[in-house]
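Engineer: As a plain string of letters, each chain reads:
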Amino acid sequence: MSAPSTRGETRLVPDRLQGRAERLLKSWEALLLAVAIAIFALNVWSSPYFLDPWNLSDATFNFTEKGLIAFALALVIVSGEIDLSVAAILALSSTLMGLAMSHGAGTPEIVAIGLLTGLACGAINGMLVSGLGLPSIVVTIGTMSLFRGIAFIILGDKAFTGYPVDFAWFGQGYVWWVFSFELLLFVVAAILFAVLLHATSFGRMVYAIGNNAVAAQFSGIRVERVKFLLFLLSGLMSGLAAVCLTSRLGSTRPSIATGWELEAVTMAVLGGINILGGSGRIGGVVLAALIMGMVTFGFGLLNVPGIVMSIFVGLLLILVIALPKLIGRLGRAKRKA
Amino acid sequence: MKALFRHRELQLVAVILVMVGLIALRFPTFVAPASLGNVFNDTSILIILALGQMTVILTKCVDLSTAATLALCGMVAAMLNNLYPDLPVLLLVLVAILTGALLGAINGLMVWRLDMPPIVVTLGTMTIYRGIIFLISGGKWINAHEMTDSFKAVPRADIAGIPVLSWLALLVIAVMAVGLRRLRTGRAFYAVGGNPHAAVYTGIDVGYTRFLSFVISGALSGLAGYLWIARYAVAYVDIALGFELDVVAACVIGGVSIAGGIGTVYGAVLGALFLGTIKNALPVINISPFWQLAISGSVIILAVAFNARAERRKGRVILKKAEVSA
Numbered sequence: 039m040s041a042p043s044t045r046g047e048t049r050l051v052p053d054r055l056q057g058r059a060e061r062l063l064k065s066w067e068a069l070l071l072a073v074a075i076a077i078f079a080l081n082v083w084s085s086p087y088f089l090d091p092w093n094l095s096d097a098t099f100n101f102t103e104k105g106l107i108a109f110a111l112a113l114v115i116v117s118g119e120i121d122l123s124v125a126a127i128l129a130l131s132s133t134l135m136g137l138a139m140s141h142g143a144g145t146p147e148i149v150a151i152g153l154l155t156g157l158a159c160g161a162i163n164g165m166l167v168s169g170l171g172l173p174s175i176v177v178t179i180g181t182m183s184l185f186r187g188i189a190f191i192i193l194g195d196k197a198f199t200g201y202p203v204d205f206a207w208f209g210q211g212y213v214w215w216v217f218s219f220e221l222l223l224f225v226v227a228a229i230l231f232a233v234l235l236h237a238t239s240f241g242r243m244v245y246a247i248g249n250n251a252v253a254a255q256f257s258g259i260r261v262e263r264v265k266f267l268l269f270l271l272s273g274l275m276s277g278l279a280a281v282c283l284t285s286r287l288g289s290t291r292p293s294i295a296t297g298w299e300l301e302a303v304t305m306a307v308l309g310g311i312n313i314l315g316g317s318g319r320i321g322g323v324v325l326a327a328l329i330m331g332m333v334t335f336g337f338g339l340l341n342v343p344g345i346v347m348s349i350f351v352g353l354l355l356i357l358v359i360a361l362p363k364l365i366g367r368l369g370r371a372k373r374k375a
Numbered sequence: 015m016k017a018l019f020r021h022r023e024l025q026l027v028a029v030i031l032v033m034v035g036l037i038a039l040r041f042p043t044f045v046a047p048a049s050l051g052n053v054f055n056d057t058s059i060l061i062i063l064a065l066g067q068m069t070v071i072l073t074k075c076v077d078l079s080t081a082a083t084l085a086l087c088g089m090v091a092a093m094l095n096n097l098y099p100d101l102p103v104l105l106l107v108l109v110a111i112l113t114g115a116l117l118g119a120i121n122g123l124m125v126w127r128l129d130m131p132p133i134v135v136t137l138g139t140m141t142i143y144r145g146i147i148f149l150i151s152g153g154k155w156i157n158a159h160e161m162t163d164s165f166k167a168v169p170r171a172d173i174a175g176i177p178v179l180s181w182l183a184l185l186v187i188a189v190m191a192v193g194l195r196r197l198r199t200g201r202a203f204y205a206v207g208g209n210p211h212a213a214v215y216t217g218i219d220v221g222y223t224r225f226l227s228f229v230i231s232g233a234l235s236g237l238a239g240y241l242w243i244a245r246y247a248v249a250y251v252d253i254a255l256g257f258e259l260d261v262v263a264a265c266v267i268g269g270v271s272i273a274g275g276i277g278t279v280y281g282a283v284l285g286a287l288f289l290g291t292i293k294n295a296l297p298v299i300n301i302s303p304f305w306q307l308a309i310s311g312s313v314i315i316l317a318v319a320f321n322a323r324a325e326r327r328k329g330r331v332i333l334k335k336a337e338v339s340a
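Each protein sequence line maps, in turn, to chains H and P.
My numbering runs 38 ahead of the 1-based position in the first sequence.
My numbering runs 14 ahead of the 1-based position in the second sequence.
Any given hint might turn out to be false.
[Said to hold, decoys possible] Example chain P residues on the side facing chain H (calculated, C-beta under 8 Å, incomplete): (1) M33; (2) M124; (3) T141; (4) V266; (5) G275; (6) I276; (7) A322.
Because the hints were derived from the structure by calculation, they are not lab data.
Yeah, the Cβ is synthetic: ideal placement off N, Cα and C, and Gly gets one too.
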């Protein structure tokens, strides 16, 4: 049984559908889990300090804040758009929090300002993309300069320090034993985003838009409104990450979180989110966050400089997309032969 | 008159003239010929990069690795100059250009052969190329006294009263203007971006054309790399960090459509000059250089909104009668 496809290849119809177990085993997440376990084992083997519970707890800070951003970014990417301004939103939120602090604001106000700044920045992106119908890649390259630029205008070459003592809890506090508040936040966000994307009609709309925005429009989905909400969400999560990072570092410079947009995109893509939109799952992003965090931490224990780690991130981003294509091509060539 | 102003290039010329005029009202020295020549000279590197970037954007791709390519090629040239001071400068320039072309080819191959989204490829190579600078230089700086005088002298050298740097920019402008307009390959860039499917039917290899555009962008970044290092007489890992945004901005401001297929050499050059004028004017009118980033950001957003409007107007009503009766 074969049906001719438009590309001239013959497409085989399988005798039976894949079973649930088989599908799970062959999934991207299964591969990620295997990689995560391998990297964990490699870390244990290469450094005697890795398995210490407090060390592991420290390691989670390598991915919690970036993960928070990556969850929202994943949704944006599934809908077929992209947000490159996330790190700049973080920088602006952090700067405005510092500004509020220097004018005597207390912890609740500082946190509120951080989150509201994120929301406002997200709203600006959303209005430009869905309101004016502009391509999100250029818009967010523009707002990336704009938001970080405003941070530079406010701070110049100075820094905000001296945040209130109780503000430090968001980034440095522990909920129970070695489990930090940030880790709790990461887990809660992961669950919320998984439910939102996989178990609500909103999530189905996001997939529909990413697969075919025009068809989605004709089937009654308010495409522009959903996209606006997604950018709003992305801004809010960047603001939340700003609260965590600022609290953890205890200071703000305008260059804070430089290059994080790359890491967040890498996290999403490594997690199996299709960069062209339409597919991917939150579970994959969680695993990708774990993998990247562990690799960064492992390299850190081995005294590898930061810029070498960034080579690794770049390679990872490219390989994750290139390898499946190469393997698929090899598979096709074999079938033809 | 109205039709005349519909041209993006003329609008830009008008905006730049108004801007320069306003500055001249308060600071007349800014419009002295020497000062304006200086603005062009300062913008030369941006112009060269923007023309490479434009070729890529015309084919519906984007090259975010230009600044990293520039820095890596510049570092290679500077290290060779430092290690073998006897090598002729021309050879070093060639090495920089070829290194750039090679780096661009790597980007292009992934886009062509593996069908990968260009934004992901170049976002990845952007960090990889920068990381490689660290690996080959060990994170060390190469300072002015570690370069030979002839290496540093080329961009500054004077031909007919104009520095070589400006001459090179003019040369690149001329070659690109003729090439994109007259050569078959030049037209292919437009065809591929305008309508990839139609391009296939006219016998154009879409993937290969994209590959070529990345090679051109890389080669021009390589040339710009040598010029940057020689002009500022210092090479280190973070050179031109974030400059790719200025380059994309210059293109977008110049009316190059990010959706591909639309854009002219003169537009991109004017876009670069617009940014260059702002950059040079800020210190003159006493505004902190920290404003620059926010200004280019706002200008990008304004320009892309403007482009979208201009492109939308291009739609044609094919069924006029049906439209009227409906």
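Engineer: Are the hints correct? Go through all of them and say.
Structural biologist: Structure-based check of each hint:
no.	hint	result
1	M33	violated (19 Å)
2	M124	holds (7 Å)
3	T141	holds (4 Å)
4	V266	holds (6 Å)
5	G275	violated (14 Å)
6	I276	violated (13 Å)
7	A322	holds (5 Å)
Violated hints, in rising order: 1, 5 and 6; the structure is consistent with all others.
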